[in-house]
Structure formats: structure tokens, C-alpha cells
Amino acid sequence: MCALGLGGCGGGAPLLHPAHVLSPGKVTVGAGLSGRPVLAALPGAPGTAEAPVEQALQDLAIAPAVAPWLGARVGIAGSNEAGLTYSGRAVRLDGRHAFTLTKSVTLSTGLGGELILARSGTEGGLAGGTGGGLDVPLLLGWRSTGELYSGWIGPRAGISWVRGSMASSDPAATKPLSLAGQHVRVGMVAGLRLGFRHVHVALEVGGDWHTVSGSLGDTDVSFDQFSLTPAGALVVGF
4 MCALGLGGCG GGAPLLHPAH VLSPGKVTVG AGLSGRPVLA ALPGAPGTAE
54 APVEQALQDL AIAPAVAPWL GARVGIAGSN EAGLTYSGRA VRLDGRHAFT
104 LTKSVTLSTG LGGELILARS GTEGGLAGGT GGGLDVPLLL GWRSTGELYS
154 GWIGPRAGIS WVRGSMASSD PAATKPLSLA GQHVRVGMVA GLRLGFRHVH
204 VALEVGGDWH TVSGSLGDTD VSFDQFSLTP AGALVVGF
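Position 32 of the sequence shown, counted from 1, bears residue number 35 in our numbering, the numbering being contiguous throughout.
Hints are computed from structural coordinates only; laboratory data are not their basis.
It should be emphasised that the depicted structure is a prediction, and the values quoted were computed from it without experimental measurement.
Hints may contain errors.
To be verified - Derived SDA-like pairs: lysine to any residue, alpha-carbon spacing no greater than 20 Å straight-line:
hint, residue 1, residue 2
1, LYS106, SER168
2, LYS29, LYS178
3, LYS29, HIS100
4, LYS106, LEU137
5, LYS29, GLU150
6, LYS106, GLY81
7, LYS178, SER168
8, LYS106, SER147
9, LYS178, ASP221
10, LYS106, ASN83
11, LYS29, ALA68
12, LYS29, SER107
13, LYS106, ASP221
14, LYS29, ASN83
15, LYS29, SER147
16, LYS29, GLY131
17, LYS106, ALA80
18, LYS178, ARG146
19, LYS29, LEU87
20, LYS29, ARG166
21, LYS178, THR222
22, LYS106, LEU151
23, LYS178, ARG166
24, LYS29, ALA80
25, LYS106, ARG146
26, LYS178, THR103
27, LYS106, GLY78
28, LYS29, PHE199
29, LYS106, LEU195
30, LYS29, GLY98
31, LYS29, GLY149
32, LYS106, THR133
33, LYS29, VAL239
34, LYS106, TRP145
35, LYS29, ASP221
36, LYS106, LEU197
37, LYS29, GLY198
38, LYS29, LEU151
With these hints in hand, go ahead and build the complete structure from the sequences.
The following block contains the structure:
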């Protein structure tokens, strides 16, 4: 169901690529799944005005769920690479540059831009939403001779802004209220890729600390959350 609709999905936005960039002109495409469980309870007590707003912002900004992952990457001259990823609720376009430290070890840094797609209705009255953001991953990676396997680890930080609409709790209200929020996240990501020649399996897990703030009408909320983002994909190179 997630794969058939843009709304109602989450799963984070895993990288699922090593620190090493592709050779100029080389292309990879991949497909898999990702998830994003949250590990902390929201601070708002049930029945308060803050509780449904916190839930709506968590659903829209952090998006804890399971989602499909589709990605494509291309190598660019000068130790550069560009990629396009769809993760069930968002489209991410990124570019990155790699610095060769040794024959097998590389450090890469990148910048990604994310467009959060409109979501369908959810429990709590969230009628839909959109948003956008930026993230910066820094990866240190190692790969074997012949690229049979590779591993990577590093920090990743990002910021995003979301907007949506939510039904009012006032029975006399005729229009939904405007929901707006800001989402800052800092975390670590680690991954492993195994395979032979043109076919690899990529596995990755990320851990993120989230700080979310926002408002619905006159109700302002802010909360922290922690999430894990396990992911896996089959990647084919050309």
C-alpha cells in the first residue's frame, strides 16, 4: 500500500551508498525497504490540546513507518557523484565529493535537498502536508579490492520545515487549522555492502535525535524524539 500512494508512508531517508563515489559515467539503481521506529513517548498528556498537535507533527516531520526505497546514482568526473532517491514520503536529490585517504579508505561529504510529498489523512485529524529540507552526511568508508564488500560510518545532520492542515476540535469551525513546524535532526549512520561484479546488497542503520517545534492555531508545542532507521536494498551497477 505504501508503494502505491505517496501519503501515509515514512521510513526515513536512508543513504544506502558507500563513502566511495562511482567512477565517471557509472550508474547504479536500487530498490529496497526502510523503517523508522520512534523510541520515546510524546510529552503531551492524552486529552490535552498539545497531544494531537505533537502526534501530527511527529507523523509529518519524523514519519515513523515502513516505506519502499528506490534510488539511482551516477558518477561524475572529479571524484563527484549525484543521486536521486524516493523513500515513500519524499524525494531527495543530492551531490557529494570524495577525498581519497588511502588506496582503500575514502572520506566523502555531501549535500541533499528533500521535498516532502503531501500525505493523506491520518488519525488525529491531519488532512495533509508538504515540506522540504536539507541534510549533510559525512562518511568514512573502506572497500576491498574488487569492491566485493565495503563499509561506511559517519554523522548526518539535517533540518526541514513542514506545513499542513488539521481539523479543528471546535465543532463550530468550518475550516481546518494551519499546522507548521520545524524539524532538526542529528545522528549517525553505518552501513555494509556485499556483492560481486554488478550486483550488491546494501544494509544500513541510522540513529537520529530529533527536535521538533511547531504550532496549530494558538497551540505551540515542542518535543524531542529518538529514532532508528534500518534499511536494506538490492543495488545493480551498469
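Tested hints:
For the hint linking LYS106 to SER168, the alpha-carbon distance of about 52 Å lies beyond 20 Å, and the restraint is violated. As the CA atoms of LYS29 and LYS178 are separated by approximately 51 Å, the hinted pair breaks the 20 Å bound. At most 20 Å may separate the alpha-carbon atoms for a hinted pair to count; LYS29 and HIS100 meet this at roughly 15 Å. Distance restraint check for LYS106 and LEU137: the Cα-Cα separation of roughly 31 Å exceeds the 20 Å cut-off, and the hinted pair is therefore not satisfied.
About 14 Å separates the Cα atoms of LYS29 and GLU150, which keeps this hinted pair within 20 Å; it holds. Taking the CA atoms of LYS106 and GLY81, the gap is about 17 Å. The hint holds against a cut of 20 Å. The straight-line distance between the Cα atoms of LYS178 and SER168 is roughly 9 Å, inside the 20 Å bound, and the hint therefore holds. Note on LYS106 and SER147: the hinted pairing holds, with a Cα-Cα distance of about 10 Å set against a maximum of 20 Å.
This hinted pair checks out: LYS178 and ASP221 have alpha carbons roughly 15 Å apart, not beyond 20 Å. Between LYS106 and ASN83 the CA atoms are separated by roughly 17 Å; this keeps the pair inside 20 Å, and the hint holds. Restraint check for LYS29 and ALA68: not satisfied, since their Cα atoms lie roughly 32 Å apart, outside the 20 Å limit. Restraint check for LYS29 and SER107: the C-alpha separation of about 19 Å stays at or below 20 Å, so the hint holds.
Restraint check: the Cα-Cα separation between LYS106 and ASP221 comes to about 58 Å, which exceeds 20 Å; the hinted pair is violated. Proposed proximity of LYS29 and ASN83 is supported: the alpha carbons are some 11 Å apart, at most 20 Å. Taking the CA atoms of LYS29 and SER147, the gap is about 19 Å. The hint holds against a cut of 20 Å. Between LYS29 and GLY131 the alpha-carbon distance is near 38 Å, which puts this suggested pair outside the 20 Å criterion.
Distance hint between LYS106 and ALA80 is fulfilled; the C-alpha atoms sit about 18 Å from each other, no more than 20 Å. For the given pair, LYS178 sits about 56 Å from ARG146 by alpha-carbon distance, which is inconsistent with the 20 Å threshold. Taken as a hint, the LYS29 and LEU87 pair is honoured in the structure, with Cα atoms around 14 Å apart against an allowance of 20 Å. Pair hint LYS29 plus ARG166 does not hold up; C-alpha atoms about 38 Å apart against a cutoff of 20 Å.
Of the supplied pair hints, the one linking LYS178 and THR222 holds, its CA atoms being roughly 16 Å apart against a limit of 20 Å. Proposed proximity of LYS106 and LEU151 is supported: the alpha carbons are some 15 Å apart, at most 20 Å. A C-alpha spacing of about 16 Å is found between LYS178 and ARG166, which places the hinted pair at or below 20 Å, so the restraint holds. Taking the CA atoms of LYS29 and ALA80, the gap is near 10 Å; set against the 20 Å cutoff, the hint holds.
As the CA atoms of LYS106 and ARG146 are separated by approximately 9 Å, the hinted pair is consistent with the 20 Å bound. Distance check on the hinted pair: LYS178 and THR103 sit about 56 Å apart at the alpha-carbon level, beyond 20 Å; violated. Between the alpha carbons of LYS106 and GLY78 the distance comes to roughly 18 Å, so the proposed pair stays at or under 20 Å and holds. Our distance criterion of 20 Å between C-alpha atoms is met by LYS29 and PHE199, whose separation comes to about 16 Å.
The hinted pair formed by LYS106 and LEU195 meets the criterion: a straight-line CA distance of about 18 Å does not exceed 20 Å. A C-alpha spacing of about 15 Å is found between LYS29 and GLY98, which places the hinted pair at or below 20 Å, so the restraint holds. A distance of roughly 15 Å separates the Cα atoms of LYS29 and GLY149; the hinted pair therefore holds under the 20 Å criterion. For the hint pairing LYS106 with THR133, the CA-to-CA distance comes to about 43 Å; that exceeds 20 Å, so the pair is violated.
For the hint linking LYS29 to VAL239, the alpha-carbon distance of about 11 Å falls within 20 Å, and the restraint holds. Between the alpha carbons of LYS106 and TRP145 the distance comes to roughly 9 Å, so the proposed pair stays at or under 20 Å and holds. Distance hint between LYS29 and ASP221 is unfulfilled; the C-alpha atoms sit about 52 Å from each other, more than 20 Å. With a C-alpha separation of about 19 Å, the suggested pairing of LYS106 with LEU197 holds against the 20 Å cut-off.
Restraint check for LYS29 and GLY198: satisfied, since their Cα atoms lie roughly 17 Å apart, inside the 20 Å limit. A threshold of 20 Å between alpha carbons decides the hint, and for LYS29 with LEU151 the separation of about 17 Å falls inside it, so the pair holds.
In terms of the numbered hints stated before, the structure departs from hints 1, 2, 4, 11, 13, 16, 18, 20, 26, 32 and 35, listed from lowest to highest.
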